[in-house]
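Undergrad: So you can see what is in the structure, the chains are spelled out below.
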Amino acid sequence: MQTEKIYTDLFVQNRQMVDDGSCQVLNSQRQQALEALEQYGLPVHQEEYLHTDVSQWFQPDWGLNIQRHKIQADSVRIQHGTLPEGVVVETLEKASAQNPALVEKYYNRLADMKRPGIAAINAMFCQDGVFIYVPKNTVVEQPVQLVSLLQSPVSMMVNRRILVVLEQGASLSLVMTDHSGAQNPMLATQVTEVFVGAGATLRLYEMEETGVQNLRAAETFVLQQADSNVQMGCFTLTNGKTRNSTFVTLAEPGANLQLDGAVVTDRNQHVDNFTSVDHKAGNCTSSELYKYVLDDESTGNFYGKVLVRPDSQHTASAQTNRNICVSKKARMWTQPQLEIYADDVKCSHGATVGQLDEQALFYMRQRGIPYVEARMLLMQAFLNEVTDRVQVELLRERLHLLVEKRLRGELNQCQNCGACK
Amino acid sequence: MSEDKDNERVRLISEEKYKYGFTTDVHTDVIERGLTEDTVRLISSKKNEPEWMLEFRLKAYRHWLTMPMPDWAHLDIPEIDFQSISYYADPTAGQTKEGPKSLEEIDPQVMKTFDKLGIPLEERLALSGGVAVDAVMDSVSVKTTFKKTLAEKGIIFCSIGEAVQNHPELVREYLGSVVNYRDNFYAALNSAVFSDGSFVYIPKGVRCPMELSTYFRINAKGTGQFERTLIVADDDSYVSYLEGCTAPMRDENQLHAAIVEIVVLDRAEVKYSTVQNWYPGDENGKGGVYNFVTKRGHLRGVNSKLSWTQVETGSAITWKYPSCILSGDGSQGEFYSVALTNNYQQADTGTKMIHLGKNTKSTIISKGISAGHSQNSYRGLVRVSEKADGARNYSQCDSLLLGDKCGAHTFPYMDIHNDTAVVEHEATTSKISEDQLFYCNQRGIPVEEAIGLIVNGYAKEVLNKLPMEFAVEAQRLLSVSLENTVG
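Sequence order for the protein chains is A and B. First residue of the first sequence: 1, per our numbering; consecutive thereafter. First residue of the second sequence: 1, per our numbering; consecutive thereafter.
Derived from the structure by calculation, the hints contain no laboratory data. For clarity, every value in this text was computed on a predicted model and none was experimentally measured. C-beta atoms are modelled at their ideal positions from N, C-alpha and C, and glycine is treated no differently. Hints should not be assumed to be uniformly reliable.
Pairs of lysine-lysine, DSS-like flavour, derived with a Cα cap of 27 Å [what the hints assert, rightly or not]:
1. B:352 with A:329
2. B:405 with A:346
3. A:346 with B:271
4. B:116 with B:153
5. B:271 with B:147
6. A:329 with B:361
7. A:329 with B:358
8. B:358 with A:280
9. A:346 with B:431
10. B:460 with B:271
11. A:328 with B:361
12. A:328 with B:358
13. A:329 with B:387
14. B:46 with B:112
15. B:405 with A:305
16. A:280 with B:147
17. B:19 with B:221
18. A:305 with A:114
19. A:305 with B:352
20. B:361 with B:271
21. A:114 with A:5
22. B:271 with B:153
23. A:305 with B:431
24. B:387 with A:328
25. A:328 with B:352
26. B:112 with B:221
In silico negatives: residues of chain B with every beta carbon more than 10 Å from chain A [said to hold, decoys possible]:
27. 80
28. 283
29. 413
Work out the full structure, taking the sequences as your base and the hints as a guide.
TA: Below you can see the structure in the form of structure tokens.
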């Protein structure tokens, strides 16, 4: 508990400063978070975190921007188009000033702090975040994009917070992209809470293209009500060490979930995707597809838990994890877990670790496609199964391009996108 | 009707289900309950062991003291008081130290017990070509049959106690070489207090002419059984080994913590089959055996092969992972398992395939069946190390749920550190297909029988791997254990 102590002490000493830089709704959760962190701690190197020692990430003396030197990323800028009436896309601070009851109703209600994780430390330190609210039966046609940009002259720890609420029958496509302009190491924690009301539809995509020096620990909590549909896609390309934990609760009958992920790694990158799908009610479906391509000395872990509770009859759940190690030193761990307590269900999982198809390679070379190019094509095709599922067309195209560039090793250079300017 | 009569009827009915639930009244020398260094010394002296053996035990005991009881399995294990168990029970007490020379010297009660269990100790009664049996009751091997026939081929088949006396060089070389006493909590406990199990040595180039078998029987009350089996298959040899076990019906939980070690050398092949039928407890989950077993084979030789087949129907709690360390190039490991749990039984079983050598292959087929209030888990690890080029694994785990109060779980772990490996895992969970049931019903087969039929068909892939004698028994067992799962 040494590492936790550094942070709890820091918090206790600077509490006033943290509170001052934030708002009432966020401040009201800090005491609970402090107690939870003291009791449960950061993730220890065990079972659910067996291959990713997250607590070690917190050991260096990270700087924290608790005085909140105002930076541009603090304010939300709507760049294109307009949003339908009643839709809120705002910082948590401003949203809670305008409608405190609404933010309070949802903030920190889903994030489970009573376990070793990063939810507690995030709630303790985070001073602002993004709040997205879509009212009843409102359809947001245009996808909403959230751009997170890590930019700092010094190494820092950043605590990001995102709260998404979709009321009954609402519909939203949300694209979260994660970039970095910083050359020095950064630690980012991110807690996302998502409430999806009855019959609502959410497409949530997360794409990361930061740098190998960065550490990212993200936890996403999703609660789905009756007949809601959620599609999530998580794409990890260049981040140094990544841990994404996704917890989805299918709380009422008729909810459908599709949870996808694609990972491309090289050098000594490490990517750990942890998913937990809790079938609390019957007649729900969940489907998961995660694919990894690992090169050099990179390592990957996939942990997929599916829990079917007693009486959650007529559950259909399928989980697939396919991985390719393209170098001798790359390493993959995979742990699918099925826990089933109801009998009238259909559940399956499959996991494979293998290589590129020799015959397909041979076929292409025979037709004059060079070996390197043929390999690239196969890897791209392998990952396309995941990227093709993305329903936002622009993002899908962008992902195809990024994946290709990533596989060619061209993504670690500046794209001159201008986002950091 | 008087209460006594009621009880009697209940007893009769429940005994029908578990027909091995009887006890034998035989004079048994049971040492005092509790476990201290003196207990370890006492067991060692009772077995008249050499100094190095005692050292081995003491080292294990001291290490055991430092270990916590493992809690990672998907099991709800009540606190076990290791001081309330007696660690040694000898039903042959009062006989000559060297053990029975002929059948006449064996207590007729013990003979009767094994007869009743269908294990013939008289060689002439065995089927032609038959099975050589090492019969172990509580902590002591009662009789090993066909020793002479086997000895002619140079095969050693005896209790491990005897082997320590007569073949110390072999035992010293291989004992603990596959399962180190530091391996896990129960392995340490077993290494400290182990009593008889079988020792098998198949010399170079010998194909064992008959099935070897060990039958374990727990009889005495308040004891635990801690057998240890060691099988060494030298170059180019072959052996098929069977293991069976039963225990009386009691309200108390009895502990069974065994170790099986198998060493397979160049081009040798070992087939190890288990039909585990310890007392599973009654329908309310009272009583039953706690079965905590460490089984592991080390495939040291090139192109060696080890095949585990298990049918698990008994025990209140099963914690068992027969594993293969595939270090010889081209070695092959197989694991075929049917685990059936009913009432309040819990099982957490599976395998580990550790690929170290080049071009190693492993196959895992696991069929879980849960009924009643039981919990049935598959837990397995496939590890391909950096040097294991060309490793291949195929795993398939299917679970069948009968009833809505039970649970079926799969926890496969894959750890792949090689780019030439091909590893596949598939798992499905479902209930018995309504269509199949309907088809049977339509043709006049009652539901219960139909379920038995479907389950047997579902498990066929594994049952087919069992030797003939066992396959019949296993099929019958599956049907019996499933009684009353419907309705």
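Undergrad: All hints are to be evaluated individually against the structure, with a verdict given for each.
TA: Going down the list of hints, with the structure as the test:
no. : hint             : in the structure
1   : B:352 with A:329 : holds, 22 Å
2   : B:405 with A:346 : holds, 16 Å
3   : A:346 with B:271 : violated, 34 Å
4   : B:116 with B:153 : violated, 31 Å
5   : B:271 with B:147 : holds, 20 Å
6   : A:329 with B:361 : holds, 21 Å
7   : A:329 with B:358 : holds, 16 Å
8   : B:358 with A:280 : violated, 45 Å
9   : A:346 with B:431 : holds, 8 Å
10  : B:460 with B:271 : holds, 18 Å
11  : A:328 with B:361 : holds, 19 Å
12  : A:328 with B:358 : holds, 14 Å
13  : A:329 with B:387 : holds, 10 Å
14  : B:46 with B:112  : holds, 26 Å
15  : B:405 with A:305 : holds, 20 Å
16  : A:280 with B:147 : violated, 59 Å
17  : B:19 with B:221  : holds, 18 Å
18  : A:305 with A:114 : holds, 18 Å
19  : A:305 with B:352 : holds, 20 Å
20  : B:361 with B:271 : holds, 16 Å
21  : A:114 with A:5   : holds, 17 Å
22  : B:271 with B:153 : holds, 19 Å
23  : A:305 with B:431 : holds, 20 Å
24  : B:387 with A:328 : holds, 9 Å
25  : A:328 with B:352 : holds, 22 Å
26  : B:112 with B:221 : holds, 19 Å
27  : 80               : holds, 23 Å
28  : 283              : holds, 19 Å
29  : 413              : violated, 5 Å
Hints 3, 4, 8, 16, 29, counting from the list given before, are not met by this structure.
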